[in-house]
Amino acid sequence: MYDIIIVGAGPAGLTAGIYASRSRMKTLLLTSQINPSLITTTDIVENFPGFPGGITGFELIERFTQQAKLFGLEIAEDDVVSLERDSRDSMDIWKVNTSSRSFEGFSLILATGSQYAHLNVPGEEKYTGKGVSYCATCDGPFYRDAHVAVVGGGNTAVQEALFLTRFASRVTIIHRRDRLRAAQVLQDRAVSHEKISFEWNSIVEEVTGGDTVEEIRIRDVKDPAKKKTLEVQGVFVFAGYIPNTAFARDVVACDESGYVIVDDQMRTSAKGVYACGDCTKKLLRQVITACGDGATAAFAAEQYIQDLKGNPYGTWSVS
Amino acid sequence: MGEEKFVENPDYPIELSDDTISEAVKKYPFIVVDCWAEWCGPCRMLGPVIESLAKKHQGEIVFAKLDVEKNSQTAAEYGIRSIPNLLVFKDGTKVGDIVGAMPEDKLLERIRTFK
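Heads up: the protein sequence lines correspond to chains A and P, in order. The first sequence begins at 955 in our numbering and counts up by one. The second sequence begins at 877 in our numbering and counts up by one.
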């Protein structure tokens, strides 16, 4: 029996792990084998304080993990399929089920993050791994001297487009709006980059090719008759996210997109269940905000457990 | 060294290169080659899964690892555009590939469909 079970090993989950372990809560963190934290596939994190030269997402997560383990955090690899409410000795507990195991804890912290949304256009699935990619750091080096398309206009899309210029001869950013949403510093770099060009107000309609991708068809969102074919060898998709919350939606309230609704203490609609990071409904999804949420969730969960065990610490006790 | 590299029933993923892959594919009737690279986060997540499968299914499935950064010839030959990428060979012929990381049980299921 654990005090706290954390689901997810990204910045939010690992920060919660650091805080919970440091509070001597008996804590288990479950890390997914399917959906790695998206930050681990990010080339460089430039806006996390303390790293003026930037740090790769993968290394940042390794450091978080190392730090959490120093405080005794137990980590297991498994994917959660369902959550169940139960009770032990008249205390509420939660069961976390994976396909082969079940874990019990007084409190849960959901930090499952999100994954890149698919375009859902013909050819996308067929060519996944054959030219369609959702990870530039993984697959970029296979596109030396190639023309690649990047779909999206947010921070990730622009950052990864810049990364791809190291390999590709040409990078075309396809964005459904007439301007980027990415941070201005990234926009400036992209706009002035000689290898990067833009297809504004455009969406991908189809991905075609032989064994691998050869062309994409795009169309203007304002004038559907305006269509264009681009010869590309790769398509990198960073247009929107889907929260990894399918397993929890019958237990905690989510918004219409599936993001978990939390209050300022990271409490969800289910007693004893907290959520933090990219899987929650919030304004800004960044490493720094995920860490902040994770610390808050661990602290709130700890208060909840002390309360539950009849050992509340004064006025902080949660209802 | 070549002799020793290709043990009869390895319980760990054997290391392959551009030079040794064809020999390994000929030797083992059913071999799964994990094409990976240091730069790829999901590949590094899949590594322990492959190690665990190699141990549990010793004698049934041979597992191997090939670093695509150092062995670009193999990557080009099999048209690899995305990693992690598992190449599955049966009786010396490529019968399938599996792209992307997945949990151990799912991965085993996929691998067995090619047996």
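Careful, some of the hints might be misleading.
To be verified - The following residues of chain P were derived to be distant from chain A, with all beta-carbon distances above 10 Å:
id	residue
1	D887
2	K941
3	S958
As the list claims (entries may be wrong) - In silico lysine-lysine, DSSO-like type, Cα no more than 27 Å apart, as pairs:
id	chain 1	residue 1	chain 2	residue 2
4	P	K931	A	K1080
5	A	K1080	P	K941
6	A	K1023	P	K931
7	P	K932	P	K903
It is worth saying that the hints were derived from the structure and are not from the lab. Quick caveat: nothing in here was measured; it's all calculated off a predicted structure. Glycine included, each C-beta is placed from N, C-alpha and C at the ideal position.
These are the hints, each one checked on the structure:
The Cβ of P/D887 sits about 20 Å from the closest Cβ of chain A, beyond the 10 Å cut-off, so the non-interface label holds. Even its closest Cβ contact with chain A, about 16 Å, leaves P/K941 beyond 10 Å, as expected for a residue assigned away from the interface. A beta-carbon of chain A is positioned within 10 Å of the beta-carbon of P/S958; the least distance is around 4 Å. Proposed proximity of P/K931 and A/K1080 is contradicted: the alpha carbons are some 32 Å apart, above 27 Å.
Proposed proximity of A/K1080 and P/K941 is supported: the alpha carbons are some 25 Å apart, at most 27 Å. Our distance criterion of 27 Å between C-alpha atoms is met by A/K1023 and P/K931, whose separation comes to about 26 Å. Using a Cα cut-off of 27 Å, the hinted pair P/K932 and P/K903 holds, with the two alpha carbons roughly 20 Å apart.
Violated hints, listed in ascending order, are 3, 4; each of the other numbered hints is respected by the structure.
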